[in-house]
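S.K.: Residues per chain, in single letters:
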Amino acid sequence: MNNKLIFRLIGSSMQKNKHIRIPFFLVGVFTLMVFYMISTLAYGDGLIRDGAELFYGAGYIQLILGIGSAVIAVVSTILILYANIFIMKDRRREIGLYGILGLPRKSIVKLLTYEALLNVLICLGGGLLLGTFLNKLMLLTLYKLVGQAPVMGFFFSKSAFVLTIALGLGVYLVCLIYNMLSIRLSKPVELLRSNQMGEKEPKVKWFTVISGLISVGAGYFLALNCKSTIDSIGILFMAIMLVIVGTYELFTAGTIAILKAIKNNQKSYYQTKNFVGVANLMYRMKHNAAGLASICVLSSGVILLISCVAALVALGKQNIDMMCPSDVMVRYHATDENVSQQVSDAVAGYSDITVTDYQTLPFWSTVWMHTDDMAAGEFEYLNEEKKYDYNCWIPVYIVTEEMYNQHAKEELHVNTGEVYVFDTKKKHYEELRCGDQNYAVKGTLDRNAIRSVTDTTMTLFDMLYVLVPDEEAAQAMLSADPVLEDADANQVCYVTSFNVDGKLTDAQLQEINGSLAFLGEDGDVKLKQEITDFFMSLYGGALFVGVFMAIIFLVATVLIIYYKQMSEGFEDHHRYQILKKVGLTETEVRSSINRQVMILFFLPLVVAAVHISVASHIIRLFMQVIVYVEPWTFRFAIAGSIAVFAMVYCLVYKVTSGQYYKIVDAAEHVA
Amino acid sequence: MALLEVNHVQKIYKTRFGGNEVQALRDVHFSVEKGEFVAIMGESGSGKTTLLNIMAALDVPTQGSVTIDGKDLSKMKDEERTLYRRNHLGFIFQDFNLLDNFSLEDNILLPLVLAGKKYDEMKAKMMPIVKSLGIESLIAKYPYEVSGGQKQRVAIARSLITAPKILLADEPTGALDSKSSTNLLRQLRDINKQGQTILMVTHSNVAASYADRVMFIKDGEVFHQIYKGDMKRDEMLDKICDAVTVLMRGGEDDEQ
Chain R
1 MNNKLIFRLI
11 GSSMQKNKHI
21 RIPFFLVGVF
31 TLMVFYMIST
41 LAYGDGLIRD
51 GAELFYGAGY
61 IQLILGIGSA
71 VIAVVSTILI
81 LYANIFIMKD
91 RRREIGLYGI
101 LGLPRKSIVK
111 LLTYEALLNV
121 LICLGGGLLL
131 GTFLNKLMLL
141 TLYKLVGQAP
151 VMGFFFSKSA
161 FVLTIALGLG
171 VYLVCLIYNM
181 LSIRLSKPVE
191 LLRSNQMGEK
201 EPKVKWFTVI
211 SGLISVGAGY
221 FLALNCKSTI
231 DSIGILFMAI
241 MLVIVGTYEL
251 FTAGTIAILK
261 AIKNNQKSYY
271 QTKNFVGVAN
281 LMYRMKHNAA
291 GLASICVLSS
301 GVILLISCVA
311 ALVALGKQNI
321 DMMCPSDVMV
331 RYHATDENVS
341 QQVSDAVAGY
351 SDITVTDYQT
361 LPFWSTVWMH
371 TDDMAAGEFE
381 YLNEEKKYDY
391 NCWIPVYIVT
401 EEMYNQHAKE
411 ELHVNTGEVY
421 VFDTKKKHYE
431 ELRCGDQNYA
441 VKGTLDRNAI
451 RSVTDTTMTL
461 FDMLYVLVPD
471 EEAAQAMLSA
481 DPVLEDADAN
491 QVCYVTSFNV
501 DGKLTDAQLQ
511 EINGSLAFLG
521 EDGDVKLKQE
531 ITDFFMSLYG
541 GALFVGVFMA
551 IIFLVATVLI
561 IYYKQMSEGF
571 EDHHRYQILK
581 KVGLTETEVR
591 SSINRQVMIL
601 FFLPLVVAAV
611 HISVASHIIR
621 LFMQVIVYVE
631 PWTFRFAIAG
641 SIAVFAMVYC
651 LVYKVTSGQY
661 YKIVDAAEHV
671 A
Chain L
672 MALLEVNHVQ
682 KIYKTRFGGN
692 EVQALRDVHF
702 SVEKGEFVAI
712 MGESGSGKTT
722 LLNIMAALDV
732 PTQGSVTIDG
742 KDLSKMKDEE
752 RTLYRRNHLG
762 FIFQDFNLLD
772 NFSLEDNILL
782 PLVLAGKKYD
792 EMKAKMMPIV
802 KSLGIESLIA
812 KYPYEVSGGQ
822 KQRVAIARSL
832 ITAPKILLAD
842 EPTGALDSKS
852 STNLLRQLRD
862 INKQGQTILM
872 VTHSNVAASY
882 ADRVMFIKDG
892 EVFHQIYKGD
902 MKRDEMLDKI
912 CDAVTVLMRG
922 GEDDEQ
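Heads up: the sequence lines are chains R and L, in that order.
Take 1 as the starting number for the first sequence in the numbering used here and just add one per residue.
Take 672 as the starting number for the second sequence in the numbering used here and just add one per residue.
Chain R on its own, in the form it takes in the complex (with noise of 0.2 Å):
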């Protein structure tokens, strides 16, 4: 057998089904570019330079993107195999063909081991090809949204380019094995006949849409219930696995019960427009249906992606502000007011900055607990019991009258035993309770007015700010906490805040850091402009990461569509002949088809908005453990990436079923 015979017969049957393999090879390429360009920017010295970083942030985005390019690879693998597995199948008979002819095994190996060659030349070559010139722009796009200058000259990375190759040549290793092993386990006439097997009507199993039942519900009940960002850090994960798990066993069990249920009814079941589309609907659901769940499950993971990343960077200025009302803010415990004006001294001694604002406020902060079945205004003092239980801590922060009215320009006024309160739980009550103390509630404080004593560490929790008369009335309220310490007790806290004129110049930050120097331990120094550099780093790389992941999962989903609506197509071509013979008309042929492909097409990204709708609360609660996030952008947020998301669907959607009626409707077909 010389290898041009071979080489003709590659070229033939590439020729012949280059609607199926030019799909696989765009998915080739397209999944290795962005892996070598993910991990380029990973490995590469496009943010880190001889160990530092190029910007503020870079560290944090190299290692998501890290994280990043580790999924993009195990997800090209599913999907370059998942490709690979639907062309063998649909070459079967080519194969067994060629065995009938007297084509040897070991001819036949050989024209495997060939084409896989040419797969991983062509898919390695061009992913490699227009990673590199992609790099570049993306590299530059990325400066542009942190805010760093342009570099000029090439942007390469060895280890990129080697681990690009080790993907790809592994991935296609692993293909051909499949392949070798898929025809040494069949005789040549199997093969031919593979695909004309009866089978079957599909039975009901039970137990599945009833476990599918429990865990989609036990997901969703989970997901809908949970109460803070404490909970949903435990509860995320657990809920998304359930959802998954009950979709595929309800897209396999469920549809087929529904379908089941349809045909028992003999009056919906006998009519024409039911008749045909339910019993190729159930037969096409035992085949396709965990490549359906799959689209749903990964368009969810799109429209999440998407969303979140939108969020994001909809929200990031409004976090920033939220964290560092001021430009700069210092905090620190003291007995006695002397650091006060040590503090004070350090900012009046800056040459070049101006200061406007400076303002000191003293609190006391301490933490209570608060469970679901106290009332609303009832507290406890932490007990060792409870001391690790996240969920019910409360954090409180106690300003005087005298301060507060100060800050906020008000003029508030209580008496002793009387307060005024803010619970970011937004519940109203009419008397406060700690322990055996008790104060009435005169009314609600503007917490704006002194939301720096917040510690930012301390944001998932919903907290507690007391206003009372005096320091006596502070030190009394904590001290009748029997666990905290006398000295604790008395221990005031500052937070000074000040503005200043201009952007900052990195001497300037040196010098604001090093006159604080002196707080050591005690004291926590904050400027907004690191803060913000930081986060538009942060929010750069998630971005960067969000939109690469999202495309490759789209991706993904159209691949599994396109070949799905190939494979039907095929299948199906048969059934409608036959119809047609026996006197279908044209009108009802094309009906009946659209009716099935719409409802296989759109089912599993109804699902997707279902669960993502759902999703969103837990999501956003989740999504705090980073940043605050403002519940109604973020349902704009999720509404908008259904409407983009449902809109590239239909667009795939339009040109697969075009493709699709094409099969069906061929006056002859080869198979």
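No lab work stands behind these hints, which were simulated from the structure alone.
Think of the CB as a built atom: it goes at the ideal place given N, C-alpha and C, for glycine as much as any other residue.
It is possible that some hints are incorrect.
What the hints assert, rightly or not - Simulated pairs of lysine-lysine, DSSO-like, Cα-Cα distance not exceeding 27 Å:
no.	chain 1	residue 1	chain 2	residue 2
1	L	788	R	581
2	R	205	L	812
3	R	267	L	796
4	L	789	R	260
5	L	788	R	580
6	R	580	L	794
7	R	267	L	794
8	R	203	L	794
9	R	260	L	788
10	L	685	L	748
Said to hold, decoys possible - Interface residues of chain R toward chain L, partial, derived using beta-carbon atoms under 10 Å:
no.	residue
11	201
12	271
13	583
Please arrange chain L on chain R, whose structure you already have, making use of the hints.
M.R.: Relative to the frame of chain R, chain L by itself:
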């Protein structure tokens, strides 16, 4: 007037790009009376499948016309023709053409469901037919669970359920063993005795011997006809065999 009239039908296929012309039917002219059982014989390439497709309203003649009950099929629009086929013609195919994802019952009911009939009405029409074909115990099964002969009987039931004017059979015994073939042909003859007009295309001499009349097609023309009249079936078979031999010898002479 005859039930089916085929008037000087000519069919020419053009190869793609309008190159060569292939004349499948040159000039076919005959008629079939109501209640007749006619077999059309001919070798592969003689044009008999083309003729059947034209009579079945699947294809239109290049020239000439086909009328059933006075209706000219070639003048109908595509959609109209499909509906006419569904409501007035019945088909049996060599490879059965049953849908493997429907139970046998649903396969039989298919034409009526497409016509939008009620279930009870359909069931009432189906029962006597499946009883007379001896398949009433099978109808809950699926095509892959029954034998070829049984599949073909289901196909007959499907074709009869619309009470068609003509039953068109394309090599109905082609995929069956001799015992099943015999059973099937006897059943077709019984159905014919009850008044059903049957038109069967075949190249099996045995199958043709069950018909009242056998037409031989060669090179796109009706070449010869045999009427059964009072003949017994084996006499008929002898005559058919003779005719086939003559037909084949003629072919050999042409080659020399």
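S.K.: Tell me the numbers of any earlier hints that the structure contravenes, in ascending order.
M.R.: none
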